[in-house]
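From first to last, the protein sequence lines stand for chains A and B. Residue numbers in the first sequence follow the working numbering, run continuously in steps of one, and reach 714 at the last position. Residue numbers in the second sequence follow the working numbering, run continuously in steps of one, and reach 208 at the last position.
Don't read these hints as lab results, they were simulated from the structure. Keep in mind that this is a model prediction, so the values were computed, not measured. Warning: the hint list may mix true and false statements.
Claimed, not checked - For the chain A half of the interface with chain B, some residues (derived, Cβ under 10 Å), not all of them: (1) 73; (2) 330; (3) 338; (4) 383; (5) 386; (6) 678.
Every residue gets a Cβ at the ideal spot worked out from N, C-alpha and C, and that includes glycine.
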Amino acid sequence: MAPPACAASSRLRSAGLLAGLALTALALFAPAPARAGAFVFSGEANGVDVVTHPTGYTGSGGTVSVTVCIDPTSANAAEMEIPVRNIVDTWNQRDPITGNLLLGGSNDIPSNGVDFESVALHELGHCIGEAHANLASESNLSDPQANATKSTDGADNGFDTNNGADDVYGSSDDLRDDDVNLHWFRKSNNNPFSIANTVDSSTYSRDLADLPSGDNFAANGDRSVSSLLGVPNTEAVMQQGTFVDEDQRRLSHDDAATLLYAMSGIDEIAGTSDDYALSLSYGGLATNCDVILDFDNAQTGFAVCQVGGAFISGSDHVRITSAEIFFNTGFSWHFNDVLTADHAVVFEAVVSGGVSGSSTVTTSSSLTGVAGHLYLAAVSYRPDTTVTGVSGLGLGWNLVDEHCSGEGQTGVSVWQALGTPTGDGTVTATLASSVNNAVIAVTRYSDVRGSAAVTSVVQGNTNGIDGTCSGGSNTSSYSFIVTTTGTNSRVYGTVGKRNRFHTPGAGYVERAEVQSGNGNSAAGVAVEDAPVAAPSSVTVNGSFNAGADWAFVGLEILAAECLGVEDCDDLLFCNGAETCVAGACQAGTPVDCDDLLGCTVDSCNETTDQCDHVPDPSSCDDGNACTAESCDEFLGCLSEPIPGCAGGVLQVPVQGRGLLVLLIAAVGAILARRRAAPGPS
Amino acid sequence: MDRIASVSLTVALAVVCSGMGAAAQTNAAVASPAVVEYSRDPSMVLVHFRERLVALEDEDPGPSLTVYGDGRVAVHYPRYMKRAGEYTLQLDPEELGGLMRSLASRRLIEFDEPAVRQRKAEAARSRAQLFEVFDATTTEIELNLERYQPAAGARVLHNVHKRLSWHGLRADAKRYPELTELGDLAAAHRELRALLERPDLVRGP
Numbered sequence: 034m035a036p037p038a039c040a041a042s043s044r045l046r047s048a049g050l051l052a053g054l055a056l057t058a059l060a061l062f063a064p065a066p067a068r069a070g071a072f073v074f075s076g077e078a079n080g081v082d083v084v085t086h087p088t089g090y091t092g093s094g095g096t097v098s099v100t101v102c103i104d105p106t107s108a109n110a111a112e113m114e115i116p117v118r119n120i121v122d123t124w125n126q127r128d129p130i131t132g133n134l135l136l137g138g139s140n141d142i143p144s145n146g147v148d149f150e151s152v153a154l155h156e157l158g159h160c161i162g163e164a165h166a167n168l169a170s171e172s173n174l175s176d177p178q179a180n181a182t183k184s185t186d187g188a189d190n191g192f193d194t195n196n197g198a199d200d201v202y203g204s205s206d207d208l209r210d211d212d213v214n215l216h217w218f219r220k221s222n223n224n225p226f227s228i229a230n231t232v233d234s235s236t237y238s239r240d241l242a243d244l245p246s247g248d249n250f251a252a253n254g255d256r257s258v259s260s261l262l263g264v265p266n267t268e269a270v271m272q273q274g275t276f277v278d279e280d281q282r283r284l285s286h287d288d289a290a291t292l293l294y295a296m297s298g299i300d301e302i303a304g305t306s307d308d309y310a311l312s313l314s315y316g317g318l319a320t321n322c323d324v325i326l327d328f329d330n331a332q333t334g335f336a337v338c339q340v341g342g343a344f345i346s347g348s349d350h351v352r353i354t355s356a357e358i359f360f361n362t363g364f365s366w367h368f369n370d371v372l373t374a375d376h377a378v379v380f381e382a383v384v385s386g387g388v389s390g391s392s393t394v395t396t397s398s399s400l401t402g403v404a405g406h407l408y409l410a411a412v413s414y415r416p417d418t419t420v421t422g423v424s425g426l427g428l429g430w431n432l433v434d435e436h437c438s439g440e441g442q443t444g445v446s447v448w449q450a451l452g453t454p455t456g457d458g459t460v461t462a463t464l465a466s467s468v469n470n471a472v473i474a475v476t477r478y479s480d481v482r483g484s485a486a487v488t489s490v491v492q493g494n495t496n497g498i499d500g501t502c503s504g505g506s507n508t509s510s511y512s513f514i515v516t517t518t519g520t521n522s523r524v525y526g527t528v529g530k531r532n533r534f535h536t537p538g539a540g541y542v543e544r545a546e547v548q549s550g551n552g553n554s555a556a557g558v559a560v561e562d563a564p565v566a567a568p569s570s571v572t573v574n575g576s577f578n579a580g581a582d583w584a585f586v587g588l589e590i591l592a593a594e595c596l597g598v599e600d601c602d603d604l605l606f607c608n609g610a611e612t613c614v615a616g617a618c619q620a621g622t623p624v625d626c627d628d629l630l631g632c633t634v635d636s637c638n639e640t641t642d643q644c645d646h647v648p649d650p651s652s653c654d655d656g657n658a659c660t661a662e663s664c665d666e667f668l669g670c671l672s673e674p675i676p677g678c679a680g681g682v683l684q685v686p687v688q689g690r691g692l693l694v695l696l697i698a699a700v701g702a703i704l705a706r707r708r709a710a711p712g713p714s
Numbered sequence: 004m005d006r007i008a009s010v011s012l013t014v015a016l017a018v019v020c021s022g023m024g025a026a027a028q029t030n031a032a033v034a035s036p037a038v039v040e041y042s043r044d045p046s047m048v049l050v051h052f053r054e055r056l057v058a059l060e061d062e063d064p065g066p067s068l069t070v071y072g073d074g075r076v077a078v079h080y081p082r083y084m085k086r087a088g089e090y091t092l093q094l095d096p097e098e099l100g101g102l103m104r105s106l107a108s109r110r111l112i113e114f115d116e117p118a119v120r121q122r123k124a125e126a127a128r129s130r131a132q133l134f135e136v137f138d139a140t141t142t143e144i145e146l147n148l149e150r151y152q153p154a155a156g157a158r159v160l161h162n163v164h165k166r167l168s169w170h171g172l173r174a175d176a177k178r179y180p181e182l183t184e185l186g187d188l189a190a191a192h193r194e195l196r197a198l199l200e201r202p203d204l205v206r207g208p
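Pulled out of the complex, with its shape left as it was, chain B reads as follows (with noise of 0.2 Å):
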């Protein structure tokens, strides 16, 4: 990694989510703090966001977010959808910070797919009434970190590259809110969405 700078940050989760929304207070009990650091290479990705149109056959499989290591997003839509482009932000770097400490407490390092899959198919034999869900989005969302502790004495991880992937994520996490995984990677959802859909975008690569 052609590193140039890294940021080191220590998140209090308890305050993290004092801002978060109601979504983010599940985790308010996991109170310890989290290290994350991150480069600030400009060309570096650090967080890659699509929203994967299954039900929709074209060669752009849908809306998607990349964030840069020097604050700059940039966001794509498909010629299919109203806002068809591409288009660039600029976070500065306390923006930044405060989108990777927030992903990171939602703890999406941890996030163990099929150990969650077994889970709600546990909790989906559970349920008396039958419920399904067709032609659902497949969020996927890729996180690079220089270092990443998840709280005070614990492992602490190096150049973690993480990859997630789920499809149906709106409704399962509505269904099964005690899978509290599927609700920490909705949030996450949730913010990069937004961050897709800020009316400051500038039309433009």
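For reference, chain A alone in the conformation it holds in the complex (with noise of 0.2 Å):
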């Protein structure tokens, strides 16, 4: 932890003497590096050094998931779906551009419209640990004062705001008084439209002391201020203020600087082991998430991110342990509908059902059926026995891998179904026998890869992977490694049991646990996931509340890689148009350009689109000295008797041979001209 610039704001809660010692320690021998702010919560109240942390950052390194969620019941779901799952993906990449403000007529958005994604852009930036870098409307100030840079309002609890000589808010030569600067800055040159190969307190700070000679307060990513530093069209994602048919879809150096400094970790120092990756994946239509969007009136009247946090034990870091947007429907909102996100696997739903002594089961209510998801149906019985067939929704349904519990007691058979249902409806299953209990979790999935999503299966029990039916030990846990070959996939578990509860391993969603019967005649079934960035090995794990014997099977769902020819169209005429079947990408028919035409050469213009066909005299040679060929482009060879010429002799009379002479050269002339004739485009 690096030692706090103002005594007054560290609050070291429970840290240890050895801990106390060692900082001491630091702040004697090291200089002291201010650290940066413009975190929520960072202020009088809390410590001007808070630090803050999007959810799940406990102050250890590694990788910090956070799920991103729609709720199902909001007005415009649906259209929020593509912006929603773009500002995951601008959040996660981090490019910084400048030039991120699209105005009128340089974009998609009618005059009059409020772009949605801009507006939910900057409200996830805050849900995730940013704050306004300006001191925005909870100032109380109005603009242009509220465009100066994050600060408290200083001992005399007025803001200052004097803009200097250059007249502009928020800009190097702010004239701030006693307010306590919020905002950090690169140190190397105070430029928010930059940004250090390395963030981390070494190049950022807090302290206006370390301010570049000259400079008086930390500018901020204003467009006034890009404006002046020679970047026109730029302004900070997290300064507030929207306006009307504005796009402001990409982050700019200072979004991605603050989020990365805070990726360097408690001890503010980048490379060292409480770094954290951060990951954010959408979570589709659901309530499950750590961060939630919502059209609710009675929440906002425009746009709002409302967060909570608490503190990281033993620092002045904070984690945030709840984060809701909401947004008013009275405004002419312009919902982006071009996916610029990579494709990830999506969770839409589930339904479940148990049954006592029968041979089939079902769910207890309907599925909706939508075209190209991606449907697994989990089921498990007591005693064991296999599944002969799973129907419903109209769709045709295959085995993926069934597996029996290590003692036999029970087994656990997955089945996935692919195509366009006929309508909503339950799913069943029919077992080869009756059972004393059975259950069934059928899961959703959208955005897959068609028929080939499902890959990577893993079946194991007690007596391990593959494990054999019978001499099995009870266990309270499982554990098992997926290797994972997609990106954006998601990695599902499920798990048959009996009278036990599951709990799902670290980072899993559990998304069913259903058991019917009790004793030792239940029959149980949990269903987890989580979404997997990268190939990798996972380890798919969970728990139970005492000794079971269970079975597994694991698999890998596979991300899309289109929804539809536009993701798919490599802009490239020759080698055909490409489609989405599925999931996938189809490669085009190359253009074939043959005209059939001999003499002419046929080739494929990627600059015109078209096919080029230029004529080749040449090979329209007949070897008759008495004919004039030529290639015509539609044509083909064509041969012209030249007059008076015959047996390949002229007969012309010695006062004609001068006219000779000039026919001669006239055909010539004629065929070197179509020679040289470039060919038509």
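If you follow the hints, you should be able to join the two separate chains into one complex; please do so.
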């Protein structure tokens, strides 16, 4: 942990004596790197040095996963999906640009429209820890004073917003009297439209003493400041204030740097063990995510992020503990319908059911039938048997895998279906025999790679991977490795068990747990899943409230490469029109430019998106000296008799020889010109 | 003030609250009568309400509503809202009286913004969990009364002009229910918002 710049604001909440001594030693022997600001919760009340992290960060390194969902009951839920997937990807990419403001005719937004994606990108920034870069409305100031850089109001309890000689609020020459800066800046240049290769306390600071010579205050990412610095049409997304008819769907350098600073961890030093990687994922239409988006007029008159947090023990760092984003329906919202994010598998819904003393088990409620979505049915039973078939939604169902438990008391069977459902409906599994109890849990996933979506299947039980169906000993947990191959996949795990309760493994969301019956004759099944960003060896695990005889099937669901042809188009003409078939891009058939004329040279022209057919008369030579050959682009070889030529010798009177010379010269010129002429485009 | 006529209303708050929904129930304990008088001058603004959209940069700061002495209501929706344009609505005397009684019952005249802000800061400090709301709107309410007596025996106020402004009212009222002033203000906000959003608004100035 870096020594605090301001002792009064330091919050060493539970540090032990040793840690305290170590801190003191650091403070004595190292220069005090002042920490950066502009984080949620930083300020006089909680400390000016507060650095806020996304949900899930505990102070240890690794990957911090944040899920983002749309409330399924929200107005405009369907229209929100593409913009929300885009903003999740934008914050994941952290790929800053200049010129991120597209106004008026430069964008696809109606003149009186408000771009939902731009506003949501800003609000999501708050919900992962970033505050406004400017004083903003929470200061109770109005524009332009509210454009001044984020700060406290100082000892005089009033903001001092002298905008300096350049007349621009938020720039480096602002005179802010006793206001305490909360915005961290790049030490080397105080330019929010640039970013250091390494973002941590060695390169960024909140302490005005670290400003470049001549600067008075930390500059922020306001659009007026960017114009001043020669990078017009650029503004930090976290600067408050969205304009009508404005597209601001890309981050600026200041936005990315703030997040990267937090990711340098509690010690605020990049490259150490407490650094973390941030991975946001879209969780679909659901309410069990870390960040929920919803249209709710009771919560906002426009758009808000409501965020809760708690200090990370022993530090002045804060972890977000709750985050909600609300929008008001009364606006002319423009919903971007172009997906710029990579495709990622999205959990959509689950239904389940159970039965006693039957050879069939059916879900207790209907699933929505959606073309192209993947349906996975997990069935478990007591005693062990096999599933002979699954039906429902008018789809064809195929067995993925089936496995027994280690003592052979139960088993789990996983079936998949994908296609065009005939409508909504229940799903029924038919067993080979009547059983004491049976259960079924059917999950639905979108944005999957068609019939090739399910892969990397692993099965096991208490006897291990591919374990036999007898001789096993009960255990209270399970753990298997699924080796994934795709990007933005989802790992799915299901466990069939008996009279036990299941707890999903770390990082997994339990989609269903259903049990039928009691005691030894009970049957139960649990389903969990988690997003996986890149190919890797993923641990699929979970535990039970006591030792259990269980059976496991795990698999990877591959993400679609495409949803439509626009996702596959490589913008090349000559290799044909690519298509999107069941979530996978298919190469097009190369354009056939053969015009079946032997004397033309055929080729495909990428510049004109047409076939070229260039005549080549040399291939038309018929060996007859008394004919003049040519190649016509449309008719092929043409052969014209040369008047007065017989047997290959010209028969002309002496007095006509001068005319013959002229005739031969004219024919030669014509042929030469046709040879040299470029083909029509 | 160009006074044409004025109306005097004696308000028994406990009775008023019966029709005001759950939020108003908090006032039921204050069952003392209030007296409200307001002008009937058609040009006199009795109530002005605006929800200022501070997170949206535009010359037009947000939707607004103005209630005049004759019961005419003028509503404005900015160009970037679905209902963009100017609307009117005519409240009959009974409706107007009900609105003024209801607003008076919210103790808006007594609302002491710095004091409430101070109490809110104290309440925030007492919470274990940190909490912030970003990009909330600012509620602005202006009331003009000719005569106001908050309770029997209380000092009578004449020509009362009250302007209220609160940033993040929806979230603050929800988070700090012990601050009854915010609850009252939020209830007034909801009431005016409901008037603003009435489906029977007539387009036109």
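Now for the hints, and whether the structure bears them out:
For residue 73 of chain A, the suggested interface contact is upheld, since its CB lies about 6 Å from the closest CB of chain B, less than 10 Å. Checking residue 330 of chain A against chain B: minimum C-beta separation of about 8 Å stays under 10 Å; hint holds. Contact between residue 338 of chain A and chain B, as hinted, is supported at the beta carbon level, the nearest pair being about 5 Å apart and thus within 10 Å. With 10 Å as the threshold, the beta carbon of residue 383 of chain A stays out of range of chain B, its nearest partner Cβ sitting at about 31 Å, so the hint is violated.
Interface restraint check: residue 386 of chain A against chain B, minimum CB-CB distance 38 Å, threshold 10 Å, status violated. Because the smallest distance between the Cβ of residue 678 of chain A and any Cβ of chain B comes to about 83 Å, over 10 Å, the interface hint for this residue is violated.
The structure does not agree with the numbered hints 4, 5, 6 stated previously, though it agrees with the rest.
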